[in-house]
Amino acid sequence: QQQVKQSPQSLIVQKGGIPIINCAYENTAFDYFPWYQQFPGKGPALLIAIRPDVSEKKEGRFTISFNKSAKQFSLHIMDSQPGDSATYFCAALTSGSRLTFGEGTQLTVNP
Amino acid sequence: KAGVTQTPRYLIKTRGQQVTLSCSPISGHRSVSWYQQTPGQGLQFLFEYFSETQRNKGNFPGRFSGRQFSNSRSEMNVSTLELGDSALYLCASSLGSGVTGELFFGEGSRLTVL
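Chains R and L supply the protein sequences, listed in that same order. For what it's worth, my numbering labels the leading residue of the first sequence as 432, then goes sequentially. For what it's worth, my numbering labels the leading residue of the second sequence as 781, then goes sequentially.
Careful: at least some of the hints might be erroneous.
[Unchecked claim] Below, simulated DSS-like cross-link-like pairs (lysine-lysine); rule was C-alpha separation at most 27 Å, straight line:
id: 1; chain 1: R; residue 1: Lys502; chain 2: L; residue 2: Lys837
id: 2; chain 1: L; residue 1: Lys793; chain 2: R; residue 2: Lys436
id: 3; chain 1: R; residue 1: Lys473; chain 2: L; residue 2: Lys793
id: 4; chain 1: R; residue 1: Lys473; chain 2: L; residue 2: Lys837
id: 5; chain 1: R; residue 1: Lys499; chain 2: R; residue 2: Lys446
id: 6; chain 1: R; residue 1: Lys502; chain 2: R; residue 2: Lys488
id: 7; chain 1: R; residue 1: Lys489; chain 2: R; residue 2: Lys499
[Said to hold, decoys possible] Facing chain R, a subset of chain L residues (Cβ under 7 Å, in silico):
id: 8; residue: Ser813
id: 9; residue: Gly822
id: 10; residue: Leu823
id: 11; residue: Phe825
id: 12; residue: Glu828
id: 13; residue: Thr833
id: 14; residue: Asn836
id: 15; residue: Leu870
id: 16; residue: Ser874
id: 17; residue: Leu883
id: 18; residue: Phe885
id: 19; residue: Gly886
id: 20; residue: Glu887
id: 21; residue: Gly888
[Unchecked claim] Each pair of labels, with its calculated beta carbon distance range:
id: 22; chain 1: L; residue 1: Gly864; chain 2: R; residue 2: Thr525; range: 24 to 30 Å
id: 23; chain 1: R; residue 1: Ser486; chain 2: L; residue 2: Arg810; range: 19 to 25 Å
id: 24; chain 1: L; residue 1: Gly842; chain 2: R; residue 2: Ser496; range: 37 to 43 Å
FYI, nobody ran anything at the bench for these hints, they're computed from the structure. Note that the Cβ used here is the ideal one computed from N, Cα and C, for glycine as well.
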């Protein structure tokens, strides 16, 4: 009930490509869905987030698509760059600061 | 604005010892939460403190404990260390009141248990 399932586990794209990372959840009490980017040796950094009353949110090259009925949400990275190579985590929040994280996706953007 | 500061960044302990990790949240943030990150289990919630009170707790044994001080700084303690406690321990801060959700993480304390 508390799980967030993330796929794929790893993803390799060419520079300029549009990697898509998908997440699915079960708990309908989740009301905030952030994405975090983590570089080796660093803590996760908040990238973009969405609430379930919105179907899409765009910030720069990053877009979240949210499908409330399917209980799924995804991250799209437009015009990906080698500097975007990192591990991406989706997460979901019900109350306070208790985030439930997906398993993570290791993204590699080749030059 | 300074970010979340965690100390120490790296430490090595042996089984049976105890360890204390420290976290200074972003100025003005009153909520501090702790997460454990391992390759096998990913990111898992340990506990959250708000205004010096534990507000939420994850599924970890009682060996894991924490506290928050009046200046919002937080510490977590792990007693009787086990090999499986080797992990990156991350602290996150947020405003903590109302519906916010924006958590900002520190760079973590990497604990190795030998």
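Going through the hints against the structure:
no.	hint	verdict
1	R:Lys502 with L:Lys837	holds (25 Å)
2	L:Lys793 with R:Lys436	violated (33 Å)
3	R:Lys473 with L:Lys793	holds (21 Å)
4	R:Lys473 with L:Lys837	holds (24 Å)
5	R:Lys499 with R:Lys446	violated (31 Å)
6	R:Lys502 with R:Lys488	holds (16 Å)
7	R:Lys489 with R:Lys499	holds (17 Å)
8	Ser813	holds (4 Å)
9	Gly822	holds (5 Å)
10	Leu823	holds (4 Å)
11	Phe825	holds (5 Å)
12	Glu828	holds (5 Å)
13	Thr833	violated (11 Å)
14	Asn836	holds (5 Å)
15	Leu870	holds (5 Å)
16	Ser874	holds (5 Å)
17	Leu883	holds (6 Å)
18	Phe885	holds (4 Å)
19	Gly886	holds (5 Å)
20	Glu887	holds (5 Å)
21	Gly888	holds (5 Å)
22	L:Gly864 with R:Thr525: 24 to 30 Å	holds (27 Å)
23	R:Ser486 with L:Arg810: 19 to 25 Å	violated (32 Å)
24	L:Gly842 with R:Ser496: 37 to 43 Å	holds (41 Å)
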